[in-house]
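> The primary structure of each chain is shown beneath.
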Amino acid sequence: MAEATVIKPDLDFVKGVIEGGGDSLKKCYQCATCTVVCNVTPDSNPFPRKEMVWAQWGLKEKFAGNPDVWLCHQCNDCTAYCPRGAKPGEVLGAIRKQTIKQYSSPEFMVNFVNSKPFIPVMLLLLAGLLSVAGTFGIPDGEIVFSKFASTHFLQFVFTPALLFGVVVGVLGVKKFWADMKKAAKVSSGDMGGSISATTQEILSHIKFKSCGVSADRFTSHFLVFYSFIALGMATALGVLYIDILHIESPFSLTGTGFPVKIFGTIGAAGLLLGVLLMISNRFKNAEKVGVGSYFDWLLLTIVGVIMASGILSWVTRVAGIAGVAYTVYFIHLVFVLSLFVYLPYSKLAHMFYRSAAICFLKYSGRETRK
Amino acid sequence: MSEQQKTVLVIGGGFSGLTAAVETAEAGFNVVIVEKTPFLGGRVTQLNKYFPKLCPPNCGLEINFKRIKNSGDITFYTFAEVEKISGQEGNYEVTIKQNPRFINDKCVGCNACTEVCPVEISNEFNFGLDKTKAAYITHNQAFPFKYVIDSKNCKGKACAKCAEACKYDAIDLDMKPEAVNLNVGAIVLATGWDLYDVTKLDILGGGKIKNVITNMQMERLASPNGPTSGKILRPSDGKEVNNVAFVQCAGSRDENHLPYCSYICCMASLKQATYLREQYPDSKAQIFYIDIRTPGRYEQFYWKVKDDPNVTLTKGKVAKLEEDTATGDVLLTAEDVLLGKKITARFDMVVLAAGMVPSTVASKIPTDISYTNEGFIMPASLKKGMFAVGTLKSPVDVARSVQDATGVAIKSIQSARR
Chain A
0 MAEATVIKPD LDFVKGVIEG GGDSLKKCYQ CATCTVVCNV TPDSNPFPRK
50 EMVWAQWGLK EKFAGNPDVW LCHQCNDCTA YCPRGAKPGE VLGAIRKQTI
100 KQYSSPEFMV NFVNSKPFIP VMLLLLAGLL SVAGTFGIPD GEIVFSKFAS
150 THFLQFVFTP ALLFGVVVGV LGVKKFWADM KKAAKVSSGD MGGSISATTQ
200 EILSHIKFKS CGVSADRFTS HFLVFYSFIA LGMATALGVL YIDILHIESP
250 FSLTGTGFPV KIFGTIGAAG LLLGVLLMIS NRFKNAEKVG VGSYFDWLLL
300 TIVGVIMASG ILSWVTRVAG IAGVAYTVYF IHLVFVLSLF VYLPYSKLAH
350 MFYRSAAICF LKYSGRETRK
Chain B
0 MSEQQKTVLV IGGGFSGLTA AVETAEAGFN VVIVEKTPFL GGRVTQLNKY
50 FPKLCPPNCG LEINFKRIKN SGDITFYTFA EVEKISGQEG NYEVTIKQNP
100 RFINDKCVGC NACTEVCPVE ISNEFNFGLD KTKAAYITHN QAFPFKYVID
150 SKNCKGKACA KCAEACKYDA IDLDMKPEAV NLNVGAIVLA TGWDLYDVTK
200 LDILGGGKIK NVITNMQMER LASPNGPTSG KILRPSDGKE VNNVAFVQCA
250 GSRDENHLPY CSYICCMASL KQATYLREQY PDSKAQIFYI DIRTPGRYEQ
300 FYWKVKDDPN VTLTKGKVAK LEEDTATGDV LLTAEDVLLG KKITARFDMV
350 VLAAGMVPST VASKIPTDIS YTNEGFIMPA SLKKGMFAVG TLKSPVDVAR
400 SVQDATGVAI KSIQSARR
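Here the protein sequences line up with chains A and B, keeping their order.
The numbers in numbering that gives the first Met the number 0 rise by one with no breaks, and the one at position 289 of the first sequence is 288.
The numbers in numbering that gives the first Met the number 0 rise by one with no breaks, and the one at position 309 of the second sequence is 308.
If we strip away everything but chain A, and leave its shape as in the complex, we get (with noise of 0.2 Å):
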């Protein structure tokens, strides 16, 4: 006979993910409706059923180096269809910031990022960074934006706050990897081409194409996603022109600057629709999935400010409205700073964690259904 095995419930765990926004977490009677109608889980120990009971359990160590959370794109499918309202589309997203809060250190700051005093402190200490580098005020004459906040200090605190936020991430996946390892008895693999097949459907955005009840959320990721993507180049082509190369600011309003202001203006375009879409779809599908915990809405209030006051801040620059124009920049310079530090630790962690996970099932080769 096996042995007896002996549970041992986290309940803070469970506290956690309730709080997290999984408080449908208990009505789930594992029936596995969730499983079946699930487009993107294995076949194999299939999601997200086996983690509604880990969950209600309280099952911690379970969810230590298990991919499945991550593999789970919220289609919600599994929540349209469950016969209970237990939310299992929810749920694993709480579960996830569980998770995060596990690989990413230190640890307290899950909870500070995700809790409502964080955008206040960014706020505060950009505003007291800049009165340090004396350039906190409104300036006078022609407004640009370096007169607010220098080329150098956005060098000094931007780009350590995402190196920090960069490293934070990677040192967590490197811990999930060696859990995944682990957990699942996987000791090698092929590395390169699962990189390369990872890259290849997080870029083709394919897995969100097979949600069923939200197949809209693929147009809204895929916009922000590459909106992101056009965004960074924008700004690292500044980097080069203004730092590297020492040529002409690609920012000012007489030049042309190209082709850093093409990429910026997509970006800005790409995100509005982008964060429009996404906000329209929660509501869409809120009667039956709900509108999303504060954890869900932190991230896509971050990014929708960003936009809006990136988008403000340029008209009311080309407009000639210094008082509004410098404002609404410092707003913006706020929020990409809260992004960079938010980053590892919030629901923005899934772009580390979710690439892991797609990669590790490539790694060990678990089966996918077509």
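Hints are all accurate, no fakes.
Examples of chain A residues toward chain B, derived with CB under 10 Å:
no., residue
1, 29
2, 32
3, 40
4, 44
5, 82
6, 83
7, 84
In silico EDC-like links for lysine to aspartate or glutamate, alpha-carbon gap of 20 Å or less:
no., chain 1, residue 1, chain 2, residue 2
8, B, 314, A, 42
9, A, 25, B, 254
10, A, 26, B, 290
11, A, 49, B, 335
12, B, 319, A, 42
13, A, 25, B, 290
14, B, 340, A, 42
15, A, 49, B, 290
In case anyone wonders, no lab produced these hints; they're calculated from the structure.
Note that the structure is predicted; figures quoted are calculated from it, not measured.
Even glycine gets a Cβ: it sits at the ideal position worked out from N, Cα and C.
Put chain B on the given structure of chain A with help from the hints.
Relative to the frame of chain A, chain B by itself:
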């Protein structure tokens, strides 16, 4: 006590209504039964066997029909509906609409009208598994044994082939609806249940896959008086079936459909697995369930069926059915929860254990009644002297409906005496 006040009206002539009627009549009261369909017996007439004893339902029905004939105190109106109820306990005024049957009491059941009738209609008694004519009788033990003409599809006097063929002058195509007024002391509501509409179950084929049938269709397939004379053959090609899946909770226990357990479907599927296993010795039955619910002593029936090595019980709700158009087979996808594996399996035929819906969801009784969110009658909301029986209050099996109806008989007698 006047003669009038001794009458009890029973709405619905299914097993519950019949029981309430004969029990009341045998206590010396007049009873009127009003039945919407052309025949008495209700859902039970459509069953092949009762669980758990697996005896044919006609035994029980015949006894009740005999009791009706013997009592002399029971009047029944088939093909009739209650249109209006007013008054109070001891003195209800009820208007009944007698729909035209187009066939009078001279009918001897010779089948000549059916033979000449040119209009084919879907056979609703067999849940659409076969066709019947516009002049028809549902089955060979129908009571009253009197044919009926479907007014919606009959071409009327322009055709009149049936009237020519009838040697007994039993066909009257001029029949009109008639109103009947009654004064009764008490009213028993026994209008029973309907099967959940499986076309709403989109992931289970939405009623479009030929070899995905309902549990009630399975009863008809297995019934000696059914469309295949009791041979279980699949609808698409009439092929004998060798492996059949049963999908439990097809609509039940689901907040998107029926947010309650329909109580009888697990027993029905276990029972139907025995139909299959008896008819085809090598056949296999696989029952996919969330939980097998065999309340009370029915547990023993569950054990008995489970002991058959060719009956597999798999935990995992089926959430995908697809048709293999080349073969007509059904591809079923479920998670085998105990194995932790998503499986797709091929079956000759799939039976949906569809749930039970109170008939009052489709047609309300014309009096003030409060219903639950699911459409069941809230007994406390009924006026004095009105009593609901069986599946109008909650999904129940035949045995419990009978017990309930017997209890209601005494309640209605008390009201009729007031």
